[in-house]
Amino acid sequence: MTLQARYADVPVETKQRLFDEVRADIRFKDYLFGCYECGICVAACPSARFYDFSPRKIAQATGREDLGMFYEQLNDDIWNCSQCFSCLRCPRGNNPGGLITIMREVAINNGLTSARQALEGYGRVVYKIMSTGTQVSPDMLQPNAFPDWGPHVAEISENLELWRRALPPETLHTTTTAWYVDDKTLTELYLIWHMTGVLDMIKEVDEGLHMILNDVMEELLEEAGYSTT
Amino acid sequence: MPETVLVVGGGPAGLEAARTVAQLGGRAVLVERRDVLGGTPDESHYAALTPNMGSAQEALDILRAGVRDPAIEVHLGARLSAFAGSAGDFTASVTGADGATTEVKAGAVVVATGFQHFDPGRETQMYGYYEHADVITLPDAEKMLSEHRFVRPSTGEPPRNVAFIQCVGSRDRRLGNDYCSKVCCGVASKEAIEIRRLLPDAKVYIFYIDMRMYGYWENEIYWPAQEQYNVNYIRGIVTEIVAKEGRLLMKGEDTTMGRPLEVLMDVIVLSVGMEPSRGTREVAALLGVEQNRFGFIATPGEPMDPVGTSVPGIFVAGAAAGPKDLEDTMGMAGSAAAKALAAARQAGVRTAGAVS
Amino acid sequence: MPIPLNVIEARRAQRDERGPTAPPTEDIREKVFELEAKGEWIVQRVPEPWVGVTTKYGRIKKIPAEHTWHHKSCGQCGHIPGYSTAIYWLNRALDFDYNDPKDQTSCTAWNYYASATSNVGAQAAVAMRNFGAAYESGYFPTIHCGTSYGHYKEVREELVAHAELRDEVRRICDKLGKPFVMPEEIVHYSEWVYAMRHEFAQRRVLDLSSIDVTVHPACHYHKLVVEDAIYDPDVYGGQRTAVVSAVVTALGANVKDYSTWFDCCGFGFRHILVQRDFTRSFATLRKIEVMREEANPDVVLTHDTGCVTTLDQSQFAARAHDVKVGVPVMSEAQFAALAMGAHPYRVCQLHWHNTEYRPLLEKMGIDWRERWREFEDDLERLRKGDKQFLTWEDADA
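Chains as they are written, first to last, in the numbering used here: chain R, 1 to 229; chain C, 1001 to 1356; chain F, 2001 to 2397.
If we strip away everything but chain R, and leave its shape as in the complex, we get (with noise of 0.2 Å):
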């Protein structure tokens, strides 16, 4: 563990505009209280036996508005969460995996390089799920996508098509999405990425994505005669 503090080149005012950003968020106060460092979070954490990474210190560093710790965290270790929400154990009430997962947006929405790498890789999902509505579908089970997964993958690729139609329900007869989603509801689904800034965010991550994800929404929504402005 090194005892020089890092991003020390960082200024103090662009740390103390993120963490205000984090304060800012309406689940902040539902999600700290006090915490009295007792490490249950810790002990239930799955990814703190895999990385040198304690939801307490996420706690105890937003908490004591620790500037520089903070900016730490917000590049290096919130993607290390799994978000399972066993930290919520916490004797206090505190979140630490919410904390995060607000910290996550955040960092997003700030352009952080470290955001936008630990996304490296997943524009498909991103892709998938806005476009499509759901957030996997059965032709994402690619060898390419999931070789430590085995031959298997290989096979269900193969049959991919003839699979799907083997399938007593309605509405699992598809390839490139889940389920069956009918337009109106993309459509409903479009215009509430619009209206909560979500696109935006998008940008932030990948502009490709963006650009191509905001040409297809805001054809459909022209369509179905909703004005995106």
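Worth flagging that the hints you see were computed from the coordinates, not collected in a lab.
A virtual CB, placed ideally from N, CA and C, is assigned to each residue, including glycine.
Check the hints yourself; a few may be wrong.
Said to hold, decoys possible - Sample of chain R residues at the chain F side, in silico, Cβ under 7 Å: (1) ARG23; (2) ILE26; (3) CYS84; (4) VAL136; (5) SER137; (6) PRO169; (7) LEU189; (8) ILE192; (9) HIS194; (10) VAL198; (11) LEU199.
Stated by the list, open to error - Distance windows between CB atoms, simulated: (12) F:GLY2058 x R:MET211: 51 to 61 Å; (13) R:ALA145 x F:ARG2381: 25 to 35 Å; (14) R:PRO143 x C:ASP1178: 50 to 60 Å; (15) F:ASP2167 x R:ASP9: 39 to 49 Å; (16) F:ARG2204 x R:GLY208: 50 to 60 Å; (17) F:ASN2296 x C:GLU1262: 20 to 30 Å; (18) R:ILE212 x C:ASP1178: 48 to 58 Å; (19) F:GLY2058 x R:GLY63: 25 to 35 Å.
Put chains C and F on the given structure of chain R with help from the hints.
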């Protein structure tokens, strides 16, 4: 005509209050729901008292002897079934086990209905008290220690190691028991010492959030536990207990070392905190005294008046008012008795000289 | 030294003597109804008939038996469609009326927990849009995925607590022309399976008394909003969520315990897609290997998409490292369906699963070779174009 003080509850607080009332020339009526006097220290089989390690039963015997007094009327196996009136002129109905009801007139009341130990099956950490026989509570341990033994309930054999987990049912927002139960750090350390005395080869650990032994408890219990008896204090609370290889596996974080830990234990003792007893809740409702948000009897005059309740003429002593140790309890009992008697006498004077 | 045999029973008796204690947390359903009374939203009531189940602090939760709107799960329908098919099959086996909607979106929580490319407003709006769609259909939402369920419980807490969030989402629903509805209960399908377990047990055709099962509880089911999860005093002494274990016992199989019961499976949301060494290692070292060593089960049952996926798919790579793996994984819905005679391929679609499940089927008395032949015939018919799709009638032929 000696004024009468009704004392509800025959544990240490009630016994001391009744005895003090008699000593000051008053008359006490003591109502106890069990068939014996002694309260929770007796019902939960307390062995040695904290911190001086004196025998609980010997201490209780002294208190019991104190109420063998013509000025004290003791009702065992009895409960309050009705209550009315105001300071100087209360009327209570006391119903015995046989169903017969006696009417008691009193000038003042001391509520000494005490606490109950937190039920560990309810809490949000997963300790498996109703699954694993070798997970026990502080009172379960006291029971064994009062019989001068300490064994694994599952095998009957002495354990090779024992762990205490502090703050079970206390300091927990998810349970609504935000408060600290005050005595469990001292009691756990005391029990740890007793176990080490009985089983010199056993390793004993205490897993804590904060170690709270105030005043002389620090040097009379905490330091000896570490220095003479090698009790290991580890700062980090346990998230769950599961069975493994016939023993108990506990998962925690050793926070001062900054690493997760998993240890196999033979016996795990849950340091369960205090909650208001059923009696405290029932009597508070019956008497119309306010309870605080945790259900204990409220003492609005704190800290300068730790025994006055929201109703004039009704006083509280002991853990019915919240987590208390025995020193607090004995102090409150004396103070409540004196104030109760004074209240009864003052009201009596007023009544005697009243102009209608 | 005599070994006391009834330590646990004695403790339970003492507990009964002390009497019930009030639940320590507020009942959010009361707040939900208060908001309805103030005109803030509509509360969709659980339809009759419903079954009452107990949750963590002894409260009763209403589980609708039928007239349910099935809120589907991405990973389930996408990668392990036998799981969803089995849930529908169980409904049909009990002749229950249900709705499989085409106007349902993903809860989007997998994306949210993985990448956080979303925010509290979007997540709440997605939830309320789905609840609105259910309400419009007249069917009551029942949720297939553990993460959707936990996430929606969180959304409910946030909407109840923050008026400005309600206002934002209401505006969005108004623009979408959707009613602003909060269901009376948020129901996970596994709670329905629990509520119906005796019905399934009665219709069981296989003898499962020699089948050993380890149960993995989904983190998002019982760790998010802890008070709203099923606890049963007869199962684990009421100390752990009973929802899947009680079903296994009702079906006559054996629940075996293991020391990492409370551990996450390691899905990680983001990790299983882009940081897979974590998921693989965690699932095999902390869960599967421990289950093998301590319980040696015939099958692992769980009630969530991510958990089935993680535990099933992670085992292949681990074999290269001599890690003790090789236990088949499926949902309790598929297991219950098999117990009732459902076709392992037409209904449970086990050919999508990775870890070897055929010895399990043999042990359960299922002739998988014959069943696979039947399914291959179905596939041939589909290939030739004699049929476009496999139907429910085909499934039970």
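Outcome of the hint check:
1. ARG23: violated (14 Å)
2. ILE26: Because about 5 Å separates R:ILE26 from the closest Cβ in chain F, which is inside the 7 Å limit, the hint holds.
3. CYS84: holds (4 Å)
4. VAL136: holds (4 Å)
5. SER137: Status holds, d = 5 Å.
6. PRO169: Status holds, d = 6 Å.
7. LEU189: holds (5 Å)
8. ILE192: holds (5 Å)
9. HIS194: violated (10 Å)
10. VAL198: holds (5 Å)
11. LEU199: violated (10 Å)
12. F:GLY2058 x R:MET211: 51 to 61 Å: Since F:GLY2058 and R:MET211 have Cβ atoms about 54 Å apart, the given range 51 to 61 Å holds.
13. R:ALA145 x F:ARG2381: 25 to 35 Å: Roughly 31 Å apart at Cβ, these two residues keep to the hinted range, so it holds.
14. R:PRO143 x C:ASP1178: 50 to 60 Å: holds (54 Å)
15. F:ASP2167 x R:ASP9: 39 to 49 Å: 42 Å Cβ-Cβ, so the 39 to 49 Å window holds.
16. F:ARG2204 x R:GLY208: 50 to 60 Å: Holds - the Cβ-Cβ distance for F:ARG2204 and R:GLY208, about 54 Å, lies within 50 to 60 Å.
17. F:ASN2296 x C:GLU1262: 20 to 30 Å: holds (21 Å)
18. R:ILE212 x C:ASP1178: 48 to 58 Å: holds (51 Å)
19. F:GLY2058 x R:GLY63: 25 to 35 Å: holds (33 Å)
Going down the numbered hints, you'll see the structure goes against 1, 9, 11, while the others check out.
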